[in-house]
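Novice: Go ahead and model the full structure; you've got the sequences and the hints to work with.
Chains Z and E are the protein sequences, given in the same order. Take 1 as the starting number for the first sequence in the numbering used here and just add one per residue. Take 1001 as the starting number for the second sequence in the numbering used here and just add one per residue.
If you're looking for bench data, these hints aren't it; they were derived computationally from the structure. Where a beta carbon is used, it is the ideal one built from N, C-alpha and C, also for glycine. One thing to keep in mind: the hints can contain errors.
The calculated BS3-like cross-link candidates involving lysine-lysine, where the alpha carbons are at most 27 Å apart (straight line), are [what the hints assert, rightly or not]:
(1) E:Lys1053 with E:Lys1423
(2) E:Lys1003 with E:Lys1289
(3) E:Lys1209 with E:Lys1425
(4) E:Lys1100 with E:Lys1035
(5) E:Lys1010 with E:Lys1100
(6) E:Lys1035 with E:Lys1060
(7) E:Lys1423 with Z:Lys37
(8) Z:Lys77 with E:Lys1003
(9) Z:Lys161 with E:Lys1178
(10) E:Lys1035 with Z:Lys37
(11) Z:Lys67 with E:Lys1151
(12) E:Lys1289 with E:Lys1006
(13) E:Lys1053 with E:Lys1425
(14) E:Lys1060 with Z:Lys72
(15) E:Lys1425 with Z:Lys37
(16) Z:Lys131 with E:Lys1151
(17) Z:Lys72 with E:Lys1003
(18) E:Lys1151 with Z:Lys169
Derived coverage of chain E by chain Z (criterion: at least 3 residues anywhere in the stretch with Cβ under 8 Å from a Cβ of chain Z; other residues may be distant) [as the list claims (entries may be wrong)]:
(19) 1001–1011
(20) 1102–1115
(21) 1151–1157
(22) 1220–1227
(23) 1269–1279
So the derived list for chain E, only partly shown, Cβ under 10 Å to chain Z, looks like this [unchecked claim]:
(24) Pro1033
(25) Glu1140
(26) Tyr1144
(27) Val1167
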Amino acid sequence: MTTQNRGTVKVENGRYRVTGNFHYAYPNDPIRDESGKLLGITNPADMTHIHAYGGEAPFFENLSNAKLLGTKCANPKCETYGSIYIPYRIHCPDCLMRNEEVDLTELARKGASVHTFMITERTGAFNTLEKPIRFVNVEFEGVSTILMGYLSIGEPEIGMKVVPIFQTKNPTFTIMDLSWVPAGTSVEDLPEGFAF
Amino acid sequence: MIKFSKQQLKIPQMSKPVYLVTGGMSKFDRAIPEKRTEELVIDAFLEAAEFIKKSPEELKEYIHSCYYGHFADHFGDQLLGEAVIHDRLGLDPLGNVGIKTGGATGGSTIWEAYKAVASGYSDTALAMGWERMDEVPTDEGNHYIASAADKDWETPMGHIYTGYYAVMAQKYWQVFGKEEESFRRTLAEIAVKNKGYARMNPHAQSPMKITVEDVLNSPIVADPLRALDCCLMSVGASCVILADEKTAYELTDNPLLLYTSAGSHTLRVADRRDMDIPLLPNESPDQYKDLGVRFPGGDRYPGFTGFLAARMAAYYAYGMAGIVDPTEDLDLVELHDAFTISDIQSYEDIGIRPYGEGRTYVESGDCYHTNPFTGQPGKLPANLSGGLIGCMHAVGATGIMQVIEVAQHIWGRWSEMHADEAKWKRFNRVKPDDWTDLQVKGAKRGLAISHAGVGSHVTATVLVHPDHQLKGRG
Ligand SMILES: [Zn+2]
Chain Z
1 MTTQNRGTVK VENGRYRVTG NFHYAYPNDP IRDESGKLLG ITNPADMTHI HAYGGEAPFF
61 ENLSNAKLLG TKCANPKCET YGSIYIPYRI HCPDCLMRNE EVDLTELARK GASVHTFMIT
121 ERTGAFNTLE KPIRFVNVEF EGVSTILMGY LSIGEPEIGM KVVPIFQTKN PTFTIMDLSW
181 VPAGTSVEDL PEGFAF
Chain E
1001 MIKFSKQQLK IPQMSKPVYL VTGGMSKFDR AIPEKRTEEL VIDAFLEAAE FIKKSPEELK
1061 EYIHSCYYGH FADHFGDQLL GEAVIHDRLG LDPLGNVGIK TGGATGGSTI WEAYKAVASG
1121 YSDTALAMGW ERMDEVPTDE GNHYIASAAD KDWETPMGHI YTGYYAVMAQ KYWQVFGKEE
1181 ESFRRTLAEI AVKNKGYARM NPHAQSPMKI TVEDVLNSPI VADPLRALDC CLMSVGASCV
1241 ILADEKTAYE LTDNPLLLYT SAGSHTLRVA DRRDMDIPLL PNESPDQYKD LGVRFPGGDR
1301 YPGFTGFLAA RMAAYYAYGM AGIVDPTEDL DLVELHDAFT ISDIQSYEDI GIRPYGEGRT
1361 YVESGDCYHT NPFTGQPGKL PANLSGGLIG CMHAVGATGI MQVIEVAQHI WGRWSEMHAD
1421 EAKWKRFNRV KPDDWTDLQV KGAKRGLAIS HAGVGSHVTA TVLVHPDHQL KGRG
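Specialist: If you want it as structure tokens, here you go:
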């Protein structure tokens, strides 16, 4: 059994065009108890899904350009007009008008601090972070929400100043391209592939 | 929303009263390789029928529509698992629907069945919930549970749901717990209590006679949470039968009035915006003005320390049942103790204690069956089933199990259902020599809270003995 030629996807004329393998079949195995009695079977599954980022795509695209994008309600009639959101919200949660994109990179570099955090050795299947993992929930001056991320260097503390770093080399185009380090960290200390 | 309209704050008014007729549960365990899910579901159904001295066929004759709670299709690798169960229960061609709201699935299933009866659609409805979390190893199970967080913004980070909650625990620990050793011990007491009560419950998966020191010495999961602070992963099923007044009294001479409400909040904690604290009937507008002074960092609401969904569910349910002060008006509660610290957060969200003072519910001894300081009955015993820490968290079944446990106290039949030697034997479990009767004497009213993860969904179910209804005092 091989997992070569893993599936990839393109969009042409508004349609998904897939090439390669999107699943790999493995045989079932019986599950028996000590006496040899049959209790069940294994059901192997190895399958690739296709997922649309839609209106959030600019956020994930721009992490690889070392940019942190958020959005803002631009509807003056809205009760919460001007509220800034990160996670990037495509539509305002109150008036449902399409939000305007705002570049939060400079704000994050100057004014981000740890609202809360956690450290754990436990992870689930498919984890790619080094253990122990350190989550930080980052608050920004003037932003309505508090973004979850992971700290790549140092030990987190509530109130600690942090700055964003971005996986600009071999980006994954996922949230994992964004990480955080203590303010004042020098560029040589950044993890492989990451930049300020 | 961070402000609510008059329409949104309406206390639900049902077309007719709804009664809890009976309920039943299977055994709960980490793995049950010898049984299919349908066998566990039938175990639960048979117990519910027997409880009111009906044959399964007699009870089925009354059922008109069915509500099935099952959190994760992924775990069983069977889409429309509800349809399989519905057929195996022999309930085709009645209408049925699957319900999933994460950890609150059990409570939400009751919420749906409740509305079906209250509206007159059905005179009798079945609410059945189950989960089997033993068909993937723990690592893969953690990945699936983490898939109930935001797949783009959270899941890729560690694939570990506990971590998404643990950041809330850390904030509460520092702001309201002030990182005090005494608070850490109070958390541990909750685990000692719930594991201990589980010893009296033949259904329970994790009965343990432990001390505060055992909890404090258990492996760290995510500081300040340790292994014994955390809920279980389980397999099992539970069900209740709800009916209108006429049918309920045909089926049993002792049905209980039931009220269920629901609240929600953002799936990502990240998205929570600062807002005013919505008040419960036992709170005053000025009460929280200095919260941020008394607890520096505690002025953002709900921030990472409160569960707005629980507060809203309590607001609606208290209004429906006429509850003004839960500690005074209720005789026992079953809370969603996913973690010891989230249990404390819930005390505040549902008004058992004011925000910031949840720990005193434990420290006063009020939460015990018997107050350890006075030797008198606890003022408002919590989680006598053992809860999610001691009994089980078979997600879709959990909220239903809690309601059954509360009901058995109000029915005065808790001992009968927990002392039965035959049941202990059937579950292949040893009844402890120091087995203790935890029946809450004279219980008339109780509450069960069903809660999803970081607080995306919460339901509140109030049970009231019909002779002891509240008028409300507001
Ligand atoms: Zn708006």
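Novice: Give a verdict on every hint.
Specialist: So, going through the hints one by one against the coordinates:
no., hint, verdict
1, E:Lys1053 with E:Lys1423, "holds (17 Å)"
2, E:Lys1003 with E:Lys1289, "holds (18 Å)"
3, E:Lys1209 with E:Lys1425, "holds (20 Å)"
4, E:Lys1100 with E:Lys1035, "holds (23 Å)"
5, E:Lys1010 with E:Lys1100, "holds (25 Å)"
6, E:Lys1035 with E:Lys1060, "holds (23 Å)"
7, E:Lys1423 with Z:Lys37, "holds (26 Å)"
8, Z:Lys77 with E:Lys1003, "holds (16 Å)"
9, Z:Lys161 with E:Lys1178, "holds (21 Å)"
10, E:Lys1035 with Z:Lys37, "holds (14 Å)"
11, Z:Lys67 with E:Lys1151, "holds (21 Å)"
12, E:Lys1289 with E:Lys1006, "holds (24 Å)"
13, E:Lys1053 with E:Lys1425, "holds (21 Å)"
14, E:Lys1060 with Z:Lys72, "violated (55 Å)"
15, E:Lys1425 with Z:Lys37, "holds (23 Å)"
16, Z:Lys131 with E:Lys1151, "holds (21 Å)"
17, Z:Lys72 with E:Lys1003, "holds (19 Å)"
18, E:Lys1151 with Z:Lys169, "holds (23 Å)"
19, 1001–1011, "holds (count 3)"
20, 1102–1115, "violated (count 0)"
21, 1151–1157, "holds (count 6)"
22, 1220–1227, "holds (count 4)"
23, 1269–1279, "holds (count 6)"
24, Pro1033, "holds (5 Å)"
25, Glu1140, "holds (5 Å)"
26, Tyr1144, "holds (8 Å)"
27, Val1167, "holds (5 Å)"
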